[in-house]
Structures are given as structure tokens and as C-alpha cells.
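Undergrad: Take a look at the letters that make up each chain.
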Amino acid sequence: MITLTINGQTHNVEADESTPLLWVLRDKLAMTGTKFGCGIAQCGACTVHINGAAARACVTPVGMVADAKITTIEGLSTDGSHPVQQAWIAHEVPQCGYCQPGMMMAAAALLTQKPNPTDADIDAAITNICRCGTYPRVRAAIHSVAKT
Amino acid sequence: MNFALNRRLFLTASTAVGGGFVLGFSLPASEAEAAAATPEVNAWIVIQPDDTIIVRVAHSEMGQGAFTSLPMMVAEELNADWAKVKPEFIDPTEHVQRGRIWGSTATVGSRGVRTSHEYLRKAGASAREMLVAAAAQQWKVPVSELKAEKSIVTHTPSGRTLSYGKLASAASRMTPPKDVALKAPSEWTIIGTPLKRVEIPAKVMGHAVFAIDVRLPEMLYAAVEHSPAFGGKLKSFDEAAVSKLPGVRAVVPLFGNAVAVVADSYFEASQALAALPIEWDRGPNGKINHANIRAFVNEGLTATDAVMGANEGNVDEVMPGAAKVIEAEYHAPFLSHVPMEPQNGTARVTADLVEIWAPTQNIEATLNLAAKAAGVDIAKVKVHPVMAGGGFGRRGGQLEYVTEAVMLSKQLGKPVQVIWSREEDIRQDYYRPISSAKFKAAFDAAGKPIAWDTRIAGQSILSTANPEALKKGPDLGFLVCFTDNPYDVANRRVDFGMRNTHVPVGYWRSVNHSQNGFFRECFVDEMAQAAGVDPYEFRRKLLAKSPKQLAVLEAVAKAAGWGRSLPAGVHQGIAQVDGYGSFVATVVEASVRPDGHPKVHRVVTAIDCGNVVNPDTVKAQTEGAVAWALSAAFYGEITIKNGGVEQGNYHDYPMVKMAEMPMVETVLVPSGDFWGGVGEPGAPPVTPALLNAMYKATGRRIRSLPIVKDSAPRSAD
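From first to last, the protein sequence lines stand for chains D and U. Residue 1 is where the first sequence starts when you use the numbering used here, and the numbers rise one by one after that. Residue 1 is where the second sequence starts when you use the numbering used here, and the numbers rise one by one after that.
Since no wrong hints were added, every one of them can be taken at face value.
Here are some chain U residues the structure puts well away from chain D; computed CB gaps all over 12 Å:
#	residue
1	ARG111
2	THR115
3	SER144
4	SER172
5	PRO185
6	VAL242
7	ALA250
8	VAL252
9	TRP280
10	ASP281
11	ASN289
12	LYS380
13	GLY477
14	GLY610
15	TRP675
Some chain D residues close to chain U (C-beta under 10 Å, calculated; not the full set):
#	residue
16	ASP16
17	ARG26
18	CYS38
19	ILE73
20	CYS99
21	CYS132
22	ARG139
Capping the alpha-carbon separation at 16 Å, the derived lysine to aspartate or glutamate pairs in EDC-like fashion look like this:
#	chain 1	residue 1	chain 2	residue 2
23	U	LYS548	U	ASP484
24	U	LYS657	D	ASP123
25	U	LYS599	D	ASP123
26	U	LYS657	D	ASP119
27	U	LYS84	U	ASP51
28	U	LYS235	U	ASP281
29	U	LYS440	U	ASP316
30	U	LYS657	D	ASP121
31	U	LYS541	U	ASP488
32	U	LYS541	U	GLU554
33	U	LYS448	U	ASP488
34	D	LYS28	U	ASP264
35	U	LYS287	U	GLU646
36	U	LYS641	U	ASP652
37	U	LYS558	U	GLU537
38	D	LYS28	U	GLU218
Keep in mind the hints are simulated off the structure, nothing from the lab. For each residue, glycine too, the CB sits at the ideal point set by N, CA and C.
Using the sequences provided together with the hints, build the complete structure.
TA: Shown next as C-alpha cells:
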């Protein structure tokens, strides 16, 4: 039994400590906003926050985050009011939308660290893959949050 | 900021938060009952007493905007209040039972708008007339005294009004008009406006339900591995080695060429699959390597069995007397789709019903495959519509994951979710075909091109998608961009040395335009250079009789500032390719790093898709096409070893990410007299425009993709 703190709530899950957090979220807790894209930390579709920092849940053993504060897309806000979500809507960022939870989690972590990121900061921090090619709108949306 | 959740999406979303059983965009019970009680005004339109207008959508939504753009066309002619329009996917079983009343469900070929604009607008216009007729009957006034606006019918002389919701039931009993007049574009108030895509809030909340997100009681998960060589067979596997591993429920051979491990969670299934000893018979293609394939395809460039695609004038007569002749060979690799949502399917097979959830570009194909796999009539199949996490041509018809999910659920008696790993996705794809081009162009003493000879060699998509069609004749679709070549050269010929390999091929966003656009537009640059003319001016001259192509070319040159002063090392390249019923031209501004890799600074695209339904969607699709093209141009290559694909994930099949993404500008120049597609046509000109810019930077032509594999010495000037 592992006890996890996710989006401010405590969850007890039966899982081997080596199980990636991604699969505990998706398969044990039915929190499916965090996506599977590659399984090898390449695409970032599974990005969550571990103690506020962006992390790739597909390679994060759940045993390592038992004492951490975990935030998923479902916890970014309960009503879509997070500035990143609002900016994503205003800029019509998503196309297929599958990568966007991870993209938004990466953006939210960046903006917490650097409230006014430069293009170079965005290039360095947003290493998620979007196959639809929404990158220009992701960049514009991040800059728009910085301005507010 | 305006943030309003679509009510129905929100209901769906709320259920998801509680970990409930969310079934895509299906109606909550109360609304479903209301809908059942409310008759259709026609097959596309159901108007509920509360004025909610349900507009049916027959195409898939995979980010291209069909769920918004198609209802916009209905709503335009219906004179609906857009705020009250609720798009809803059709039920494919009902679709087939009603004689395919909603038209084609195939969401391919950038066809959503361009094939349905007429029947969707007519459905809206017809329903509007029926609503008006119902009001006329109720008020006993002539139709000519009525107007319908924003979901309300008004009797102009008296000022009386009735909402569509109040009229819908009576309207549904009216005889549909035989013929309806459609509005002139100048009368449009919905078409042509940048309306917000309706499903975006759910996607931003993380609540949009993709098939991979479906959670059912007692659901099991399956990981599957297919023969690593195409045409190989499953020889044996050692079930005992994994059957005691945590969570494992079953190990199931599939089709003789695959094996699935079913477990309580996907992670357990995939761990056990990785540990499962499997022996493969790599089959008749097991010794084929990439060099064999490349040599086989290239042999098609000189083969005598080529079939003629187009032959104008007399190339052979003109060539020998030409003042100047240039020749070049180009090569394009196999490419994989890799949509972000891996291939997956969830099935719940019971004695009475087969339920299926799967990403698809053709919901009727999903239905048929599920029925076939279960061995039941389609009447016993329920396809739950879901958003697709990308498609790009991968999910048009080859939906093995549907078959696998149904077979496993049937066998295990429980709901099963099959997920292909990214490795399976990349190794079991239907690839953009490998191909080559050999060009020869001749010029007169004044530098005018007088003859242009093209040989294309490569693998026809029909060799996989429809081999029967090839028996009836050659696949001349493989010669697109050449058989319809708009450049005015008096003597032109193109023929095709078809070389079909054992590798399965398919429709990859922008299909044959993707390689042929690259071949043609790079060679046109070579022709311009040989003629000693600026590549933009050279194209302008040869497009004088092709006004649509010329217009986008001139528009992009103007928008980009063709020939403008740029920082040292940054150069412009230009290209234009029409396709999918639209016309596109692109300018790329790029520099070349000392290691030979490009840095793309800016991409400007001009697109004429005729009529624009949703300008923001057209822009989004065109922006996306730039990333699509650049990933392939920079890195994209699928290679074959021992009969199977060598690459397996994003580390060895990389994508362009944020840091490599240029500034993108899209200029819409709609000429208004036709309806073109927008999902694909943005991509083809990007690669040649980039390579043409790189040529200016280095003085060396790259004629073989991807750029990263281009091994000849380079220099940055």
C-alpha cells in the first residue's frame, strides 16, 4: 500500500513501488487527464507537477513520490479558471488536444518558476511533443499569461 | 475572458472527475430522453423544446475542427442562434440502417467541408423553411410575412414571435421542400467567422474523453506485440514464463502473427509482454534490409516497364536540340504517422451487445470491423463516439486495434482495453510510401524552359489499401503534382515506375503531395537557377495561365517580403503546391548551422481554400501543417532491417519541438468560388521552400530526405 497526495487529496493504492506514477493515475485511480504518449519521457504527454515542478509521470516510480505533493491536470483548477487554461481557451490552442494536459502542466510549472519567461525560456522548458503542431499558439498563450 | 463550458461537455466532464463511466459525448439520460421525445426536423437537425439545436456530425473530430465547422454550415442556413447549437456525433449503426443518410463518414483527404458543404447547407435551409411553414400554419399567415433569425420566427406585420423550439414538433411534420435556395456568401453571418471550437474547453480541462480514457467496471488491459517483420508469423511463446506475474490474466495469440497479454492494468500487461519469450518466424521478407528496398525503388527510375501518366508535346524531339539541359534525382523515405494518442480500442462484448470505443477517422469502418470481429450483425454493435488524439491518415480504415479489442473481450468475457505501445505504433504503421524522382529539363538559348521530363518511382498506396484496383490499371494518383502540373512548359512528360515493396503503405497527411511537392518544387528552383531567373519570378512567368496558383504565390511573396533584407546567413525559399481542392504557397526563411542542420526562422503561408468556413481553424490547420512538414523534413525516415521497422519511439523517430518551431504566419486569400480542403494542403510547399532557402545559404542542393541523414559535406556561408 502506498499513500499518495494528489490534487490535495490522499489516495491509498495497491501498487508496486516501481510502477510509474502515470499508470497508477490512469489505471488505479481513473484519473485519465494525464496521458500516455511514449513511455520513455520523450513526449511529455504525461507531465504532472511533483512539489510544483514539472515531471514526466511515465518514468516516475510511484514509490519515489509517496511523500510528495502531486498535481495533475485535474487539479490545475477544478473549473478551468487557471490562467494557463484560460489562455489556452483564448488562443484556441488545442487541436486534437491529446498532448495538451501535459503541455499545460509544463507551461504552468514554467510560469510559476519564471512569471515572465523569454522565448528562450519557453524553448528550454517546453519540450513536449505536439503532433498537431500547436507550438506557436502554446508560445503565444504562455506569453499572454505572463502579461496578465 | 470568456469561459463558458458547453453544457453537455460539462456534464460529461463532471462524470469523469468522479471516476465514473464516461462514454464519450453520449447524452446524459435526461437529455437523451428529451431527444428521443423530440422528432427530427430532418436527419441532421433535432430541435428540443428548450431551443437546443442538436446538429449531427458524421465526420470524426481529431483536432481539425469538423465538430465545429460542419455544424456551422448547417446553422448558417438554419438561421440558428449559434449559442444554442450542440453538435453531436451520429450513431453509425443507425446511419447504416437508415441507408447511410448522413453521407460518407470517412474523415480523410481534407474532405470534411469540401464534400459536405452542399448537403449540410441544404439541410439547414430545408429545416428553416419547415419551421417557417409551421409558424405560417399556426398563425394562418402567408410565409412571405415571416422571417427566421437567430432561432426565432417573427411575423413581421404583427411582431409575434415563436422560437424554433416551440415550432420544431410541427415543423417535423411538414413536407420538406423539394428544392431550397442557398444564401449568397454576402449573406453569411456564421460561415466565415472565427467561432470558438466547441470541444476546446473540455480538452483544456483534461476532461475530453479519448478512447484510451474509457474506464469500465471490471475492465482488463491488453498489451500486444505483432510480428516484427511484415509478413512474419508467431511461432511460439512461453506463457508459463509470465502467467504468474502480477495482474496477468491471459496470454492470447492473435491472427497467427501477434500475441496479447491481458492483465489488471496496462503497466502489468506491458511488463509481462516484455518478459514473454516469443519466437517469431520472420517470414518471406525476413532478410530484406533498407538497402535492398532503396535499390529496388531506384531501379524504377530507369525501368522500361513505366506507365505513362501525362505526355504533352514531344519531349524526345525537343531535348536533343536544346541549348541547355539539366538533370537531377530526388529521394523520399517511408514515414510514420505517430499520432499522440497511441492506437487503442476498448470493447465490451456481451451476449446482447458489442460496444466499442476507438480513435477513428471513419466511424462506419469501426462499426464494420467490430461486427466482423464479434461475428454479429451491425444491429448488435454500438460504437461510442470519442475524440481522436490525432489521425493524420493512420486511422482511416486499418483499425486492427478495434478487431483486437473485440476479440479479446469476447474471449475473456470482460471489457478489454487494448493499447499499442509507441513502439508497436511506429513498427506496425501504414507508412508514407518510399519514392524517387528523376528529372530532366531543357531550355532554349534565351533560358526559357522548353521540355520537362519526369520519372517517378515508388510504392503505390493501393498496393496495400486496394490491390484489386491495381489490377485494373496503374495508380496514376501517385503522379499528382505532375499530371496536374500547372507550370506552363510546352513539352512535358511524366511516367511511373511502380515498385511495390513488402512494407505496408498508407495515407499520410498530404499523401502523395508530400513527396511530389518536394520533388517538383525543388526541381523548379533548379530550373530557375539554370535559367538565371529569380525563383519567384520564374514561377510567376510559368504560372501566367494558372491564376489561382499565381495569386497565392504573389500573396505569399508580398506577405513575406520576398527579397527583403535579412540578417546575415538567413535566406528565403519559396514553393507553391495546390492540392485537396486548395491553393497554397509558402516562403521559408532559414539559415544553416555549421553542422548542416537548418534553423527555420519564419514560415509564411498563403492559402486559397475558396470559401472559408472558420478562419481560425484554417489558420490552425495551416500552422500545424508547418510542424508536420518540418518534422519529416528534418528527421523523418523509417528504415527496414530484417523485414521490419528499425525505429521505435520518439528518440529514434524525432519530432520538431518548441525550440525548433519557427514563427508562423498564415495569410488567407479566399477567392470564394469553390470549397477547398485545409487539413493537408498546407504541408507540401513547406519542405521545398525550406530546402530552396538552404540552397541559397549553402550553394548545395539537398535532394534526399531527411535533412539529418544528408551526409555530403556542407558549409555554412
